[in-house]
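Trainee: Under the working numbering, the letters of the sequence shown match residues 89 to 228, in that order.
No wet-lab data here; the hints were simulated from the structure. Being a predicted model, the structure only gives us computed values, none of them experimental. Wrong hints could be hidden among the right ones.
Straight-line C-alpha distance at most 27 Å; calculated DSS-like pairs for lysine-lysine [claimed, not checked]:
id: 1; residue 1: Lys166; residue 2: Lys209
id: 2; residue 1: Lys119; residue 2: Lys201
id: 3; residue 1: Lys119; residue 2: Lys209
id: 4; residue 1: Lys166; residue 2: Lys201
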Amino acid sequence: MCRWKLSIVCLATLLGCGGQIGALPKDNAVKVFEASVVVMPAQPVAGQRVTFDIEVVSDSNLPVLADVELRVLDEQSKPTYQQLWRDVVFNPDDTWNLTEGYLPDTNLRAEHKVEITVREKSSGAVLFRDDTLATLDFNH
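Work the whole structure out from these sequences, hints included.
Mentor: So, in structure tokens, the structure goes:
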């Protein structure tokens with residue numbers, strides 16, 4: 089008798105929701121990145137070496153294969169220096185550190201912005217881009 093009542097309750101529940109059982113929700117793929125750049129020396133001089141300490145942090149919940157690009161942009165946002173690292177593997181909650189040297193031209197003047205871009209390899213989607221991470225001021 090108890091099984092018969094349970095069957096009626098289950099049947100009524102199915103009919104009440106349209107007779108369909110939906111799929112279980114899937115975890116959404118999250119691809120989130122942050123970056124920081126430290127410039128040394130803090131007051132760069134045109135024609136003298138500048139060092140960038142770069143840190144890119146993946147807050148993603150799955151591995152991501154990406155290209156990471158560093159660009160130094162002049163006041164018209166034209167690159168005066170760029171470096172591309174291809175096929176960087178970011179595991180979930182991973183941090184990627186790199187030190188890069190740069191020798192600016194001797195005739196540089198004005199402020200230049202440092203931009204980092206993280207682009208997913210498979211789709212080409214920009215996962216992170218920021219041109220306000222650091223400034224190079226050659227006005228001295």
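Trainee: Against each hint, give a clear statement of whether it holds in the structure.
Mentor: Results of checking the hints against the structure:
1. Lys166 / Lys209: 24 Å, holds
2. Lys119 / Lys201: 25 Å, holds
3. Lys119 / Lys209: At roughly 13 Å apart (the allowed maximum being 27 Å), Lys209 and Lys119 satisfy the hint.
4. Lys166 / Lys201: Since the Cα atoms of Lys166 and Lys201 sit roughly 10 Å apart, the hinted pair holds (cutoff 27 Å).
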